[in-house]
Amino acid sequence: MADLVSYIIRKMMLAVPVIILATFIVFLMLYLTPGDPVIAIAPPHASAADLDALRDKYGFNDPLPVQYGSFLWRLLHGDLGQSVSVGTLHVSVGDLLVQKLPRTLELMAIGLTISYTMGIPLGVYAALRQNSWGDRGVMVFTLVAYAMPSFWLGILLMMALSVYTHILPAEGTVGGFGSIILPALTLGLGNAALTTRMMRSSMLEVKRQDFITQLRSRGLPEREVIFKHALRNAILPVITVIGLDIGWFVGGAVVVETVFSWPGLGMLMTTSIQNHDFPVVQGCILVLAIFVILGNLVADMLYAYADPRVRLG
Amino acid sequence: MMLRKGLNDRLLAWKMAGGVKQTIVEIIDNGRRNSMVVVGFTIIVIMVALALLAPWLPMADPTPRTIVQDDVLLSPSPSHWFGTDELGRDVFSRVIWGTRVSLTVATTAVVLSLMVGVILGLTAGYFGGAVDYIISGTIDLFWTFPAFLLALAFAAALGPSLMNVILAISISYWAGFARLMRGQALTVRERQFVEASRALGAKNSRIMFTHVLPNCLAPLIVWASIGVADAITIESSLSFLGVGTQPPTPSWGYMLYRGIPYLEEAPWMATFPGMVLLITILGFNLLGDGLRDVLDPRMKGLRP
Amino acid sequence: MTDDRKPVIEIRGLRTQFFLREGTVTALDGVDLTVYENESVGIVGETGCGKSMTAFSILRLVPYPGRITAGSIKFKGIELTELTDEQMRGIRGSQVSMIFQDPSTSLDPVFTIGSQLGEVISLHQNTYDHAVLEGKIVDVLKLVRIAAPKSVMEQYPHELSGGMKQRVMIALALSCKPSLLLADEPTTALDVTIQAQVLNLLKDVVRSVGSTMILITHNLGVVAETCDRVCIMYAGRVVEEAPTGELFEQPLHPYAWGLLRAFPKLGEQKEELEVIRGTVPNLMVPFKGCPFVERCDKAMDACKSVRPPRIEVRPGHFVSCHLYHPGGEA
Chain W
1 MADLVSYIIR
11 KMMLAVPVII
21 LATFIVFLML
31 YLTPGDPVIA
41 IAPPHASAAD
51 LDALRDKYGF
61 NDPLPVQYGS
71 FLWRLLHGDL
81 GQSVSVGTLH
91 VSVGDLLVQK
101 LPRTLELMAI
111 GLTISYTMGI
121 PLGVYAALRQ
131 NSWGDRGVMV
141 FTLVAYAMPS
151 FWLGILLMMA
161 LSVYTHILPA
171 EGTVGGFGSI
181 ILPALTLGLG
191 NAALTTRMMR
201 SSMLEVKRQD
211 FITQLRSRGL
221 PEREVIFKHA
231 LRNAILPVIT
241 VIGLDIGWFV
251 GGAVVVETVF
261 SWPGLGMLMT
271 TSIQNHDFPV
281 VQGCILVLAI
291 FVILGNLVAD
301 MLYAYADPRV
311 RLG
Chain Y
314 MMLRKGLNDR
324 LLAWKMAGGV
334 KQTIVEIIDN
344 GRRNSMVVVG
354 FTIIVIMVAL
364 ALLAPWLPMA
374 DPTPRTIVQD
384 DVLLSPSPSH
394 WFGTDELGRD
404 VFSRVIWGTR
414 VSLTVATTAV
424 VLSLMVGVIL
434 GLTAGYFGGA
444 VDYIISGTID
454 LFWTFPAFLL
464 ALAFAAALGP
474 SLMNVILAIS
484 ISYWAGFARL
494 MRGQALTVRE
504 RQFVEASRAL
514 GAKNSRIMFT
524 HVLPNCLAPL
534 IVWASIGVAD
544 AITIESSLSF
554 LGVGTQPPTP
564 SWGYMLYRGI
574 PYLEEAPWMA
584 TFPGMVLLIT
594 ILGFNLLGDG
604 LRDVLDPRMK
614 GLRP
Chain C
618 MTDDRKPVIE
628 IRGLRTQFFL
638 REGTVTALDG
648 VDLTVYENES
658 VGIVGETGCG
668 KSMTAFSILR
678 LVPYPGRITA
688 GSIKFKGIEL
698 TELTDEQMRG
708 IRGSQVSMIF
718 QDPSTSLDPV
728 FTIGSQLGEV
738 ISLHQNTYDH
748 AVLEGKIVDV
758 LKLVRIAAPK
768 SVMEQYPHEL
778 SGGMKQRVMI
788 ALALSCKPSL
798 LLADEPTTAL
808 DVTIQAQVLN
818 LLKDVVRSVG
828 STMILITHNL
838 GVVAETCDRV
848 CIMYAGRVVE
858 EAPTGELFEQ
868 PLHPYAWGLL
878 RAFPKLGEQK
888 EELEVIRGTV
898 PNLMVPFKGC
908 PFVERCDKAM
918 DACKSVRPPR
928 IEVRPGHFVS
938 CHLYHPGGEA
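Chains as they are written, first to last, in my numbering: chain W, 1 to 313; chain Y, 314 to 617; chain C, 618 to 947.
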């Protein structure tokens, strides 16, 4: 156990510089925008005087490192700037983010659950019934689901389950369990395809290993050989990609929330982009990036717990 | 000295040609028999043909300047195979022209990522040491960050335009190629013929390109194919959100976005672009997966 | 000498085949073998001759697409080929165990040594009490001379050296005191310095537990050290079977001559190592006669078409070769 704890601490310490790097990149984004950076963060119809005031406030005339320093300082105090959209003028970006983040987290939690509860059993089933019709069906499903962009899948599901059959509400703003299902299902199905593929190939790989035959030679019932031993080993690569999955989910959430008008960070990002509300966009990206980094950290820890060989490195 | 150098050059060129030709022959021979490759390749050929021939096909103007009110929201018929959209434009024509956009953006982005990624990856793997450390660190950073989010951030920052979309996708995708090439370079570097070349006085860059590269052709092709599929997905998603291809240029993603309010009364607006989008992505995925099976089943673990 | 001892395993005419798309591979083509109580029998041969497959066939663990297609395997009088899967499972690990060649790949990497041992013991001995189980695990680890059993129990396979892992394998195999132990190249994957140690351990432990051992190897030196009797296999058949000493002194089959000649002996001066010319036949092609015919210096016409019968040339010394056929040359 001790090696597990030291591994976790090491990983946590490594995450810090990555987060700092993320803040730096987000900071730099302002300078990628065409034109004068001040305009990006200024409310519409700002006068020249207003712009100058802003320049002073944010120190645009200072050298870059100083600007970054004050950016970090403000960040640590929770000051991410103010929105410049017409509807939310002067509202603190931080407030907006805090308001919308829980909705996105809900969505991702349910989506992840759907993805793994579908993907893992399906992958195992396909591996155990290799080359049967069931296996081929699963493979076709994964191919198609993988190729389908999230927004298209969302639209299809919307048409099938809402528009034409009125089983579920299409708009996320209605609230309640019913409205979260469609977007969560969209996210979940898309990732389930990836999980299934991974699980299947991993299971096939493990089944061929020497120790599986060895276990059989010890007289263990087949059920235990497969579900206690093979599965436990086969699931390791799937856990390794949880981090990548989370990254995929975050990107997918942006799109899916937009399709279903789900009031989370993703939707906020899209509308802010369309309104040229730069401070909010910056804030969204920062939060999402940190979420991805933390998600990867948790995934790493989970993997170290599951695979004792990893803790040494 | 001059004579030896000339001989060395010829030897290296011959080696490179051999490696490339070998791989291509292998692809054609074995690929023919793999159903995924055949189907994928057929789809791609059809799509590319449509994209290239679009200007000459007898179709309606995809971006008319005026709205003909009578033509708005017509359901599919012999005169409008895919119906018309809310501005009276022929959906079929827009879908075909959309092929041009998607394919152009995707292939350019992949080619760009490939060039950057290959050069950086080869350099890192071949030279090792501090160079490798720096480049690897950068690769890891870009690799763990979700590609779509990165592309979105850059597209949002740079402003929507075709070039920016290509740039955004490239920035998010080069890491995959770099990782691949770095791995290959690391293994090939140890081999005897590289040492021999160096002993004969060949320049490092020459060795990298004529020895290492041809040996990596197989995985590169696989990743490039899957990369195009991913790039099309990213581009259409960006267009869907409004930061990609701007109207009136027809883009499948944007067409789907415009189709959402009309799902009940005019489902063809979203359905047809969606189907074609799916088929195109599927085509590149099938080709990539199929080639991966054909060229090296051991590669199955690697996911771009 | 052999008749009053009880046979632990009797194999008659065992045929195991693999049904591939490209054709049918006959891995075992009529194997006859008897092993008696408390003895060690070595099975020797080149790679691919079927020695491992014999062991897998006994345990009925022949991998897909292979199957036992003919013959009988009697374990203590019970016909193994007729048992159900569940009955076989009762025998595996408790009455007949197997040690695999490479200890690094034969242990489940995500379970501790203790839990893997505990699994086998509790399964076959119905021991579920924690303390009792732990006691048994410690006992069996001590049996294989592992110095610190309690801490090894908590460790994972990757934390142990090759020699230690193989000792654990032996412990696993002998934990339920099986009547028959199948050891498939138990020292091949180990460092030369450890091989002797592990072999000696194996010999001692098998004897103390009262098991019978079939030792599979390609190394004649190992056989000389460890086995009472030797069985030489070639292309899926047994070609010679004899007590160890007698085989080394007076080998009868031409293949055995070749094997023994190829093995350099200590103190001998040799310029070149002797090889048996030719290569192993393709097992996908069914052949009549003797499989060694292409490589044999003494081949006769009969060897190409008639399968050599198994003849007891001397008491306990069997050979399948037309040279010893009572009718002489055919």
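Simulated from the structure, these hints should not be mistaken for laboratory data. A virtual CB, placed ideally from N, CA and C, is assigned to each residue, including glycine. Don't take every hint at face value.
Stretches of chain W that chain Y covers, calculated by requiring three or more beta carbons in the stretch to come under 8 Å of a beta carbon on chain Y [as the list claims (entries may be wrong)]:
hint: 1; stretch: 93-105
hint: 2; stretch: 139-153
hint: 3; stretch: 271-281
Exercise. Mind checking, does the stretch 93-105 of chain W have 3 or more residues with a CB under 8 Å from chain Y?
Worked result: As far as the stretch 93-105 of chain W goes, the hint is violated, because 0 residues have Cβ atoms under 8 Å from chain Y.
For this session: Count the residues of the stretch 139-153 of chain W whose CB lies closer than 8 Å to any CB of chain Y, then report whether that count reaches three.
Result: Our answer is that it holds, as 9 residues pass the Cβ test (under 8 Å) against chain Y, meeting three.
Exercise. With a Cβ-Cβ cutoff of 8 Å, does the stretch 271-281 of chain W contain at least three residues near chain Y?
Worked result: holds (count 3)
Figure legend: structure checked against the earlier numbered hints; the only hint not met is number 1.
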